[in-house]
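S.K.: Each chain is listed here by its residues.
4 protein chains.
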Amino acid sequence: MAYRHQIQYYETDQMGVVHHSNYIRWMEEARIYYMGQVGLDYIKMEENSLISPVHNIECKYIKPSRFGESIDIYMKLEEFKGVKIKLYYEMKNLQDEIICIARSETCFVDKDMKPIRLKKDYPHIYDIMMKIKQ
Amino acid sequence: MAYRHQIQYYETDQMGVVHHSNYIRWMEEARIYYMGQVGLDYIKMEENSLISPVHNIECKYIKPSRFGESIDIYMKLEEFKGVKIKLYYEMKNLQDEIICIARSETCFVDKDMKPIRLKKDYPHIYDIMMKIKQ
Amino acid sequence: MAYRHQIQYYETDQMGVVHHSNYIRWMEEARIYYMGQVGLDYIKMEENSLISPVHNIECKYIKPSRFGESIDIYMKLEEFKGVKIKLYYEMKNLQDEIICIARSETCFVDKDMKPIRLKKDYPHIYDIMMKIKQ
Amino acid sequence: MAYRHQIQYYETDQMGVVHHSNYIRWMEEARIYYMGQVGLDYIKMEENSLISPVHNIECKYIKPSRFGESIDIYMKLEEFKGVKIKLYYEMKNLQDEIICIARSETCFVDKDMKPIRLKKDYPHIYDIMMKIKQ
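Chains as they are written, first to last, in our numbering: chain A, 859 to 992; chain B, 859 to 992; chain C, 859 to 992; chain D, 859 to 992.
Isolated chain A (complex conformation) (with noise of 0.2 Å):
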């Protein structure tokens, strides 16, 4: 099932039609749910002081959307090696029509900002990375 946002008022501008600031938003959304689904869970994660910074966003902008309707962000895993992981982000109105495509590009760091090999250092994260890309 697609994680759903729903879109609030406050994500508008004066153009009547959502701020395209908030996609980026939405994404990460989406990024922390279905990572959610797989079993890794951020707030443990930073509590382990392994945080997420993003380093690549891509987004293409097809059709607007406004407040008051429901976006459905379907994402999957199109590259990891070890180190970053590229997600695509296909972004749907409720009448199917694909509003937002984009993408991201993230790795995991430590406190101090240095990237992490998570097959060395949490294999338990890789395999679980390795089986979404499947």
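Source of the hints: derived by calculation from the structure; they are not laboratory data.
Honestly, I wouldn't trust all of these hints.
Which copy? The list can't say, so a pair holds if one copy fits it or any two copies do.
Stated by the list, open to error - Here are the simulated lysine to any residue pairs, SDA-like style, with alpha carbons at most 25 Å apart:
| id | residue 1 | residue 2 |
| --- | --- | --- |
| 1 | K918 | Q953 |
| 2 | K902 | D954 |
| 3 | K918 | E937 |
| 4 | K977 | S907 |
| 5 | K969 | S907 |
| 6 | K902 | K989 |
| 7 | K942 | D979 |
| 8 | K902 | K942 |
Chains B, C and D: place on chain A using the hints.
M.R.: Leaving out everything else, chains B, C and D in the frame of chain A:
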């Protein structure tokens, strides 16, 4: 000289005016600016594990404000007896019309969110606060 | 059933808790949700050029809230005599602790921002509001 | 002179750095600023029902940025053949380190979201855009 905020497009909503939640953010901008003016550097304070959470906000919206406008925010200390810091804000557009009056109540706490008695633990900050008051 | 808000990562600040401006947004979420529950559809109202600006906000922050938590927001009508709508909000975490109590004052205005007397011009909305009050 | 953004406290997240969604907003700030510098006033354009939605965003985050820092945003026109406006952004901190490079693709549309051929319908804007390009 007043703290000036330049209204951004992303601060508007579909009513065509600034979304009311942003005024709360402008209060913070002004608070940090004026604190800096009297020598209280938030960044250095946080490095010393001294943080300043908000306990209370009141905000009276008098006139709408719009994208492209500049807003001058005046602030004064209304009450300070050693722990709670009560501040008063007046926001004016460049036509000198009051668009919003607001109040905040903050205090300083340590890392464990325990309130700090400035007079005893940080006498130099206490002295600065007392000077603002006069 | 209370309106539930799931706290997002992007709602936090470097204090490690939710930034206080977001509670103002949650009040709006709850307001629109509960209005919808009694039959007042914001989208349809705005299509009819009936908008509902906020005139006053009060927000008392009692306990911090954190990323990953769910917050239940209860709302009730405190006062309504025909124009001003005074609402009261209580926000609780899932441990049933009150984290915030708040108030808002809104009204309905037409396209030119002129306040509307609901009883005369929109009697069906007036009737709905009166029912909430009881 | 570059457009300068002063980082606000509310732009940080619990990672202790600026939340990545804000860079998208800074791009908009810079875009509107530089457009204004060459004589394209967004406010007047919107009054004439000429709006400028974003079609594409790319954002490469190179170094984190923090509360209290000032960021200089440089922008240039990468491509413009009459409809799509491709802009390139470089963001630097005051240590002259590049913290982010980004691209946006916008166009101008009328009230019904129909793309506008600037050359034909708004030749003075077209001429301005062509001048930026050179």
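S.K.: Compare the structure with each hint and give your call.
M.R.: Outcome of the hint check:
Taking identical chains as interchangeable, the C-alpha atoms of K918 and Q953 lie at most 25 Å apart only when both belong to the same chain, with a minimum of 19 Å there against 32 Å between chains. In this homomeric assembly, K902 and D954 come within 25 Å of each other (Cα to Cα) only across copies, at 22 Å, whereas the closest approach inside a single copy is 35 Å. For the identical chains of this complex, K918 and E937 are neighbours both inside a copy (19 Å) and across copies (17 Å), given an alpha-carbon limit of 25 Å. In this homomeric assembly, K977 and S907 come within 25 Å of each other (Cα to Cα) only inside a single copy, at 17 Å, whereas the closest approach across copies is 35 Å.
Taking the shortest Cα distances, K969 and S907 sit within 25 Å of each other both inside one copy (5 Å) and across copies (17 Å). Taking identical chains as interchangeable, the C-alpha atoms of K902 and K989 lie at most 25 Å apart only when both belong to the same chain, with a minimum of 20 Å there against 44 Å between chains. When the C-alpha separation of K942 and D979 is checked against a cutoff of 25 Å, the pair qualifies only within one copy, where the shortest distance is 15 Å, while the shortest distance between copies is 46 Å. In this homomeric assembly, K902 and K942 come within 25 Å of each other (Cα to Cα) only inside a single copy, at 20 Å, whereas the closest approach across copies is 34 Å.
When each numbered hint is compared with the structure, no violation occurs for any of them.
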